[in-house]
Structure formats: C-alpha cells, structure tokens
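S.K.: Take these sequences, add in the hints, and give me the full structure.
In case you want the letters, here they are:
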Amino acid sequence: MSSQLGESRLTRLHHREEVMGTVVTIDLYNELSVPPAEFSPFLKNALSVLNHADKTFSTWKVTSPLSQLRRGEITLGEVPIEVKEVLELCAVAKELSKGWFDPWSLPGGVDPTGYVKGWAAQRALDALALSDVTGAMVNAAGDIASFGRPSPDQLFRVGIADPAQPTTLACVIELRGAVATSGTYERGQHLINPFTRRPVTNVASASVTGPDLGLCDALATALVVGGAEVFDLIEQIPHYEALTIGDRGEQRSTSRLAFVNS
Amino acid sequence: MNYNFGILSVTVTITSGKITKVGIASLQDGGNSLSQSIDAQSIPMLEQQAMQAQNANIQGVSGASYTSAGFKLSLQNALTSLGFK
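Quick note, the sequences are listed as chains L and X, same order.
Residue numbers for the first sequence follow our numbering, beginning at 1 and rising by one.
Residue numbers for the second sequence follow our numbering, beginning at 1 and rising by one.
No lab work stands behind these hints: they were computed from the structure.
Be aware that one or more of the hints could be misleading.
[To be verified] Derived pair list, reagent style DSS-like, types lysine-lysine, alpha-carbon separation capped at 30 Å:
#1 L/K94 - L/K61
#2 L/K84 - L/K98
#3 X/K72 - L/K61
#4 L/K61 - L/K44
#5 L/K84 - L/K55
#6 L/K44 - X/K72
#7 L/K44 - L/K55
#8 L/K94 - L/K55
#9 X/K72 - L/K55
[What the hints assert, rightly or not] Chain X is faced by these chain L residues, among others (derived, beta-carbon under 7 Å):
#10 V79
#11 N139
#12 I144
#13 V158
#14 G159
[As the list claims (entries may be wrong)] Label-pair ranges, simulated between beta-carbon atoms:
#15 X/S68 - L/F259: 20 to 26 Å
#16 X/S68 - L/Q189: 16 to 22 Å
#17 X/S68 - L/P35: 27 to 33 Å
#18 X/S68 - L/T63: 19 to 25 Å
#19 X/S68 - L/P238: 32 to 38 Å
#20 X/S68 - L/H52: 15 to 21 Å
#21 X/S68 - L/S255: 23 to 29 Å
#22 L/S105 - X/S68: 26 to 32 Å
#23 L/T168 - X/S68: 20 to 26 Å
#24 L/V62 - X/S68: 29 to 35 Å
Heads up, the beta-carbon is just placed ideally off N, CA and C, and yes, glycines get one too.
M.R.: Written out as structure tokens, the structure reads:
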C-alpha cells in the first residue's frame, strides 16, 4: 500500500416510494456519516408532498379534486389551493411554449398531469433541502430535481436514456437543478398535438434542463410535440436548455447545455 | 408507511489525490419490502447496463416516464440498487 493512500467515507441515503403510478427514488449525499434517522423527518415531509399531490391530482382516482373538477362537479373557486397554483403555472408554461404545452386541449377536460409530477418532485426536493445534506436528488420516473453536489469536488451527473435502447445511455450531462425527459418509448404513444388534437411526435426523446422541474417537464412535453419551433423557444429562455434525440439517434442541443465528455 | 432510508455506505480510496477505488461497505434497505422485491428481480438483468452507468460516474438517469412495472427494468433502478462500484 502506498503511503499517499488516504480513505474517506461517503454515505448515500436512498429511499424508494411507489406513488403517482410510478416509483420515485430519493437520494441524499453526505460527506460524513450522519445517522440516517436524522433525515427521517425531512424524508417524511418530502413523501407527504408526493402522496398529497397524488391524492389531489390523480386523474384515475375518481374522488380526487382534479377528477371532480374535470367532471364539472366542483368549480375552480372550490378546488384546493394547490390545484389553482398548478393550473396557473400550467398557464405560464403554455404561454412560454406558445401553446405547444396545453393541458386544456387534452381529451376529457383539463389535465395538468404533464406538469404535476415534476412540480411535486421539485416540492419534495424543497422539503429535503431544509436538512443540511451535501446534495439531494429526487427522480420521479425519469424526471429529476436536484440541489447541491454528490461530493465536494463533483456536480451531479445524469445520463440521458437512449430512446432506441432505454437501458443504455445516449449521453451524460452535468446537472444544475432539474432535468425532465419526454418521449413515447416507455409507455407508447400518449402525446397530443394541442393544435390538431391528434397524437404526434417530432423527436424520439426530448430533455429540458433548468431550475424548476415542473417547467422542465412541461417544456419537454412541448418539445416532443412541437419539435424545432419549441427548440428555438427554449434557446431564448434564460437558464433552460434542451436536448433532442431523433429516430436515428441524431442529437441536437441548445448552446449552453453542459455535456460530460467521456 | 415506511419512512426509513435504506443506507449505502461507500468507501472511497484516494491515491495521490485521485479516486482509485470505490466499494460498497454496507447495504441495508431500511426494511422496505418494495425495494427488496424489485432488487431480487432486476439486479441480475441490469447488472451489465448499470456497469456502464457506473463507469460514467452518474447519480441518476433521465428518460421517458416509466410506470411502477417499468421501473423494475429501468437503468435508474439498477444504478440505485447497485450504488457505486
């Protein structure tokens, strides 16, 4: 053994929660070994954010406030404050995407599902940020919110799944904040062109990075549907970057996306 | 509901200022039955892909939304199950 050899301990705390019809993974990174129990209250808060969002916004649970709103049983004036907040944020995303993200154009009434998962994961991350960890990451079905670092000398790195073979990576990016990826390769065709109201995809996979996962989620959906037009819009939004992968694996990214060269 | 964290303790060996070896020191999953069943099913299948991810030194995988069933076959699952190499 070399005399220069030193040893330090990194601890990663990991939790999985089955919620919102998927699995959300939560990772906390620490330089020192702090007893995991110290983070339990923060985890508990993060999980209640996710489970509350599920109860409030589920479109398949008939009793959820959103389902009631969609059936016209309650009015916008009667919905919980979070529903109002999310719909207002959706309206902003609709405007930013020039209508390519439009929860009001979907069949069956307003459906903010394309915003909610990212919004909820971002809020769960906010709950974890109240603890004094080095870094935290919430991955909600491939949409990731993060803060801090996994270790003192490294930023978070995230692999973007290859749409042609999703268990391999198309590329790796350095993450400051959030990244959402949209595509039809996991669950089949489910994206609607809000202008024609017909199923459509322009690219196999679209990823958007930025400070807020809710907006990333909405813009990624808009990007799959709207293609080049939305790509140009995102290039103009400060702190948000985009990456698209086409059917033949061709990649296109906005000018400031931080790739990790391997 | 289970509010416990699983814990992955990782040892990092540093030689001349560079990380030369990372190993799992202990793995407890906090008694989470969901993660146990997921791990038992999918770790062998995804080991190879996870190695690629580990070599890329990443902490997460972003991709199109998967369902709970899809998660078992995801690279994110393999990555967080195996942790660091």
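S.K.: Now, for every hint given, state plainly whether the structure supports it.
M.R.: Outcome of the hint check:
no.	hint	in the structure
1	L/K94 - L/K61	25 Å, holds
2	L/K84 - L/K98	21 Å, holds
3	X/K72 - L/K61	24 Å, holds
4	L/K61 - L/K44	23 Å, holds
5	L/K84 - L/K55	15 Å, holds
6	L/K44 - X/K72	24 Å, holds
7	L/K44 - L/K55	16 Å, holds
8	L/K94 - L/K55	24 Å, holds
9	X/K72 - L/K55	24 Å, holds
10	V79	24 Å, violated
11	N139	5 Å, holds
12	I144	5 Å, holds
13	V158	5 Å, holds
14	G159	5 Å, holds
15	X/S68 - L/F259: 20 to 26 Å	31 Å, violated
16	X/S68 - L/Q189: 16 to 22 Å	20 Å, holds
17	X/S68 - L/P35: 27 to 33 Å	30 Å, holds
18	X/S68 - L/T63: 19 to 25 Å	21 Å, holds
19	X/S68 - L/P238: 32 to 38 Å	36 Å, holds
20	X/S68 - L/H52: 15 to 21 Å	19 Å, holds
21	X/S68 - L/S255: 23 to 29 Å	37 Å, violated
22	L/S105 - X/S68: 26 to 32 Å	28 Å, holds
23	L/T168 - X/S68: 20 to 26 Å	22 Å, holds
24	L/V62 - X/S68: 29 to 35 Å	20 Å, violated
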